[in-house]
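Asks: The opening residue of the first sequence carries number 1 in our numbering; numbering runs sequentially from there.
Just so you know, not all the hints are guaranteed correct.
To be verified - Taking lysine-lysine and the DSSO-like style, the derived pairs with C-alpha atoms no more than 27 Å apart in a straight line are:
hint, residue 1, residue 2
1, K320, K300
2, K277, K322
3, K322, K288
4, K114, K144
5, K68, K194
6, K68, K122
Honestly, the hints are just simulated from the structure, not real lab data.
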Amino acid sequence: MQNNKDQIDDIFDKFLQGPKIFTDREVLRPDYVPDNLPHREDQIQQIAKILAPVLDEARGSNIFIYGKTGTGKTAVVKYVLNRLIRRSNEIGALVENSYVNCRLVGTVYRVLLKLGESIDLKIPFTGLATSEVFDRFEDALDLKGVLLIVVLDEIDALIKVYGDNLIYELTRVNETLNKGKVSLICISNDLLFKDLLDPRVLSSLGEEEVVFRPYTAPELKDILLERAKISFNDDVLMAGSLNLCSALAAAEHGDARRALDLLRVAGELTEREGVAKVTEEHVRCAQKKIEEDRVVLVLKTLPIHSKLVLCSIYIMSRAKVKNAITGDVYEVYIELCNQLGLESLTQRRISGLINELDITGILNARVVSLGRYGRTKKIRLAISNVVIKDVFSNDPWTKKIIDYSPKCMLNK
DNA sequence: TGTCCACTGGAACGTACGGCTT
DNA sequence: AAGCCGTACGTTCCAGTGGACA
1 MQNNKDQIDD IFDKFLQGPK IFTDREVLRP DYVPDNLPHR EDQIQQIAKI
51 LAPVLDEARG SNIFIYGKTG TGKTAVVKYV LNRLIRRSNE IGALVENSYV
101 NCRLVGTVYR VLLKLGESID LKIPFTGLAT SEVFDRFEDA LDLKGVLLIV
151 VLDEIDALIK VYGDNLIYEL TRVNETLNKG KVSLICISND LLFKDLLDPR
201 VLSSLGEEEV VFRPYTAPEL KDILLERAKI SFNDDVLMAG SLNLCSALAA
251 AEHGDARRAL DLLRVAGELT EREGVAKVTE EHVRCAQKKI EEDRVVLVLK
301 TLPIHSKLVL CSIYIMSRAK VKNAITGDVY EVYIELCNQL GLESLTQRRI
351 SGLINELDIT GILNARVVSL GRYGRTKKIR LAISNVVIKD VFSNDPWTKK
401 IIDYSPKCML NK
């Protein structure tokens with residue numbers, strides 16, 4: 001026991017005595033809003049100009065912002081809002097803001113819940129009709145007489161599922177309010193989502209449009225340099241590593257979030273190794289690790305039937321079936337359910353689960369027609385068999401069937 | 001050129017659950 | 001306590017489909 005304790009102390013000592021890589025690693029986290037946002041000066045100016053009337057207690061125009069992930073949309077909006085709120089406090093203007101990430105929040109009801117929270121409105125987390133929640137939100141807003149800037153990030157995620165009713169209601173809420181006002185900022189990764197909007201919504205939402213184009217590799221380098229200055233110790237980061245981070249992220253549609261992730265993970269790997277410099281090799285390892293971690297997390301958190309579908313495809317791939325089709329996967333899946341004593345879902349449902357797995361990038365499922373042999377999906381794994389075997393061998397359900405040989409495959 | 005297969009995928013509906021309002 | 005609500009997850013039904021084959 002004593003020995004064991006010493007060993008652990010040893011690990012901590014090594015960590016403490018090893019070369020110090022970071023001064024402040026939080027600076028590299030995606031939700032950190034820096035004091036300086038390089039190459040986004042135009043967008044900052046544009047959004048600030050549109051929102052400025054708010055300080056005069058007039059409603060600013062609604063704004064629609066679009067650009068791919070990691071192009072700085074959220075950071076710029078938060079940056080401008082921070083300053084706007086600070087200024088409004090100085091001059092005593094009644095301005096509040098509410099930031100909601102629609103993809104994380106998930107439903108219209110919960111979006112309204114978050115908006116309510118920002119003006120101290122308590123709403124039960126379930127039980128009310130959405131229209132009732134909206135009415136209460138409207139009343140509370142009017143009562144407070146506050147000008148609320150609502151930021152709906154990743155709005156496309158919400159609209160694809162629930163339609164544009166919420167935005168429609170929010171854009172016309174000013175017509176009914178006496179004292180309160182709402183300014184809307186919608187952020188989307190997907191430009192095509194505008195096609196899903198009702199023309200009435202589009203005309204009021206698209207009062208102002210701000211576009212964030214992807215960063216180029218040199219721009220990403222500037223951003224990384226800026227952050228590296230405050231997050232890493234001097235002389236830790238080799239110039240080549242920083243260039244590689246920006247080049248890798250630029251290849252992935254100029255994603256700054258990705259670049260910062262790479263830098264942070266590369267730093268952490270260096271730290272764990274106990275060496276003094278972050279090399280290009282560390283960056284390459286970081287890239288591999290980020291992807292693996294993502295996949296492992298997705299696999300571990302899948303619902304049981306999705307796991308079994310994936311196991312079926314894994315088992316088929318192990319048996320050298322290159323392109324599995326829906327019907328065959330379903331047969332194997334039924335057998336696995338029987339083995340585990342679980343009730344199987346319908347083929348329609350499994351077809352849907354396969355589509356969901358396709359979206360997460362774990363599978364590739366392509367609809368093909370086999371002529372008179374019908375229409376189906378050709379399915380293959382998009383990740384390595386080794387990862388699946390590793391994760392599913394440690395899962396209480398799937399470990400029982402991961403090495404199983406289905407009878408239905410014997411005569412194929 | 002028409003037939004036919006093995007599905008796809010949309011839509012409507014059912015069930016269970018937690019929790020609010022009346 | 002009854003009725004209603006949103007949400008999650010599922011089933012059932014069925015029109016539609018691309019292309020090999022007779």
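Asks: Indicate, hint by hint, whether the structure satisfies it.
Replies: Hint-by-hint comparison with the structure:
no., hint, in the structure
1, K320 <-> K300, "holds (25 Å)"
2, K277 <-> K322, "violated (44 Å)"
3, K322 <-> K288, "holds (25 Å)"
4, K114 <-> K144, "holds (17 Å)"
5, K68 <-> K194, "holds (14 Å)"
6, K68 <-> K122, "violated (34 Å)"
The structure is inconsistent with the numbered hints 2 and 6, although it conforms to all the rest.
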